[in-house]
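Could you build all of it, start to finish, from the sequences and the hints given here?
Line order of the protein sequences matches chains A and B.
Taken in order, the first sequence gives residues 263 to 838; the numbers are from my numbering.
Taken in order, the second sequence gives residues -8 to 182; the numbers are from my numbering.
It should be emphasised that the hints constitute simulated quantities derived from the structure, not laboratory data.
We put the CB at the ideal spot given by N, CA and C, even for glycine.
It cannot be assumed that every hint is accurate.
DSSO-like, lysine-lysine: derived pairs with alpha carbons at most 27 Å apart [as the list claims (entries may be wrong)]:
# : chain 1 : residue 1 : chain 2 : residue 2
1 : B       : K107      : A       : K566
2 : B       : K107      : A       : K586
3 : B       : K121      : A       : K586
Label pairs and their in silico Cβ distance ranges [claimed, not checked]:
# : chain 1 : residue 1 : chain 2 : residue 2 : range
4 : B       : V61       : A       : H281      : 27 to 35 Å
5 : A       : H273      : B       : V61       : 24 to 32 Å
6 : A       : E797      : B       : D146      : 42 to 50 Å
7 : A       : D426      : B       : V61       : 19 to 27 Å
8 : A       : G453      : B       : E126      : 55 to 63 Å
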Amino acid sequence: MNYFPDEVIEHVFDFVTSHKDRNSISLVCKSWFKIERYSRQNVFIGNCYSISPERLLRRFPCFKSLTLKGKPHFADFNLVPHGWGGFVQPWIEALARSRVGLEELRLKRMVVTDEGLELLSRSFVNFKSLVLVSCEGFSTDGLASIASNCRHLRDLDLQENEIDDHRGQWLSCFPETYTSLVTLNFACLEGETNLVALERLVARSPNLRSLKLNRAVPLDALARLMACAPQIVDLGVGSYEDEQDSESCLKLQAAIRKCTSLRSLSGFLEAAPHCLSAFHPVCHNLTSLNLSYAAEIHGSHLIKLIEHCKKLQRLWILDSIGDKGLEVVASTCKELQELRVFPTDLHGGGNTAVTEDGLVAISAGCPKLHSILYFCQQMTNAALITVARNCPNFIRFRLCILEPHKPDHVTSQPLDEGFGAIVQACKNLKRLSVSGLLTDQVFLYIGMFATQLEMLSIAFAGDTDKGMLYVLNGCKKMRKLEIRDSPFGDAALLADVNKYETMRSLWMSSCEVTLGGCKRLARKAPWLNVEIINENDNNRMEENGYEGRQKVDNKLYLYRTVVGTRVDAPPFVWIL
Amino acid sequence: MENVGVCDEFVNLKATELRLGLPGTEDGGEEERQKVSCCKSNKRAFPETEKDIESTGKTETASPPKAQIVGWPPVRSYRKNNIQTKKNESEGQGMYVKVSMDGAPYLRKIDLTVYKQYPELMKSLENMFKFSVGEYCEREGYKGSEFVPTYEDKDGDWMLVGDVPWEMFVSSCKRLRIMKGSEAKGLGCGV
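Here it is as structure tokens:
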């Protein structure tokens, strides 16, 4: 290859798009490193504190798309206090100062501000795509800047963010001459929407493929929108609360019939039970269905809809569908690849909507299933062993039994054997979340068999440090390990410090780790940031003066970094 | 090996260092495990609790595992808020309103959220007060009975039950009054 001119090699590299592969290419030789870095278009940074914007720009001067992730995963569950970090501002400022022709910015769990969005909108002439997932800190004023200034915007995709809704006119900030919209997702906005501006925007966007509305868009507006955009591929319904045979409902049904390209349906944030029947005509083409926010729709209506969805590949649903409903899914959706079943009752009130039977039915009926997230009240080893036998192709397996420490409800045994069967059968397993009553044994199995495992989530599990050690020693490809409320301590934490260089991050909260242990780790591994998030009332608690009777609820988060201690940490975060 | 050395040092360190442990845990080695909070008390290391688990699994229900554990179950707050809102709206606290009947010695209270539509509500009221309400028609109100169901709305006006959509009624009704006889004639159709 080295006898080819650089341009030829670069052209070959263009076909290599995955980050991992490009990283591998750059390690082959100096010449490849150089060619690769100048031609890298998409940069992925899994932890925004592992590197600085300046170093990013030095290494990849020509990139067009940047993906950044900020807070650790458990921030999704309120375990990371407000103000911890993950600020995108320094990144936007650095990129704006440089010459990089940024076209796409994708952020997850980061803090974004209106000023940042304004700067973003003004600094990059060709900016095309903004995707914000689980972010916070900005308002609809920031969206107004994006709408006003990004002439070539194609995608504005806001997923589950906390946005301060000023009920302003951000939608009317898109200029009348602007016609290039492809994706618009504002489902997470809580406030009123300017329906007139929205309808005009959709009417002048012939390339619109994906439209996800918030709950303030009523049925009659939805009907009009769909009539203007029959080319739509991905629809998020906002509100659907009219009477069954109202005029709006009939108009909507007529509009839906024309949407022959519709493949993905979601939303139903405010939904009356009867509304799903309007969508039956398009069900046979649907590949993706997300009804996990439609808490008011009863299982029977969900089942009637799903019976028509023979091509479904992805299904997100609430457990109100029940085991019976899952059996219908299993017999209807033979193309199913990904299933998520979310809980309707968050406090385990005894309502056994889905059980191990539903999971077994799915595993038996859906041969292409590779990703599952399943919330349930009970599980058995026998069921898990059956699931493992039926479905050896799992890449992601996340089981959440709502009650911590709950054993096999038939045998009262821990669920070690069940999860053991899963990791032994699923040779490609990359992500695993375990729950229920578990001893060190399950971690022995994980360490032994889960050779491809990259992410592991542990809660209320294990007996001794051995459990964590089995995982750290066995799972060579581990990248993210997050543990809460499990009895792993300093011995496990410190056994192999170099292991953490091969991982992105480790989270441990409410475990047996001590401050002293963390300090020793920080001393041994200066290339790690070892952070203690201390949520005590006395933020300035001195270790030696501590009186020992107060509640302690500290969290450990450590991650590898090439840029040392971060400077934006709040007072309650101790960086050791 | 290194592990042993580390453990030895920790016996001493534990006495002096801050624990990153569960709430309620104390310094002091062995004791610390026994004093831990609810979540750990179910561990199999303790024979008593093992029996609890084997019996019904429900003997520990009185306790904390059913209570709020921070960040559990692992559902994004965005999603949690969505479900919570729906539950509060639909079943949560209930919407209790006073019901008075002309001539009855005391009032009753009913929860409007258990009904899905007007007929259910009417049946329930009829049972409660042993009366019959007439036939409802939009133009003339209730025909065929001296009893007329009315309600006081948010503005303080007395309205005829049945005129507005059910959801609107539930959200605006402050109290109910079953009028009887001549007073009812103004609202009803007359017998």
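* **Holds or violated: K107 (chain B) to K566 (chain A), with C-alpha atoms at most 27 Å apart** => Given pair K107 (chain B), K566 (chain A) holds - Cα atoms ~22 Å apart, limit 27 Å.
### Query
Between G453 (chain A) and E126 (chain B), does the C-beta distance stay in 55 to 63 Å?
At 44 Å between Cβs, range violated.
Honestly, do E797 (chain A) and D146 (chain B) meet the 42 to 50 Å range at C-beta?
holds, 47 Å
Checklist line | Outcome of range test on Cβ distance (H273 (chain A), V61 (chain B); 24 to 32 Å) | finding: At roughly 53 Å between Cβ atoms, V61 (chain B) and H273 (chain A) fall outside 24 to 32 Å, so the hint is violated.
(Q) Please verify whether K107 (chain B) and K586 (chain A) have alpha carbons no more than 27 Å apart. (A) Within the cut-off at roughly 25 Å; holds.
At the C-beta level, are V61 (chain B) and H281 (chain A) separated by a distance inside 27 to 35 Å? For V61 (chain B) and H281 (chain A) the Cβ distance comes to about 34 Å; the hint holds.
Distance restraint evaluation - D426 (chain A), V61 (chain B), Cβ atoms, bounds 19 to 27 Å: At roughly 25 Å between Cβ atoms, V61 (chain B) and D426 (chain A) fall inside 19 to 27 Å, so the hint holds.
Given the proposed pairing of K121 (chain B) with K586 (chain A), does the C-alpha separation stay at or below 27 Å? Violated. K121 (chain B) to K586 (chain A) sits at ~42 Å, over the 27 Å cutoff.
When held up to the earlier numbered hints, the structure conflicts with 3, 5 and 8 and fits the remainder.
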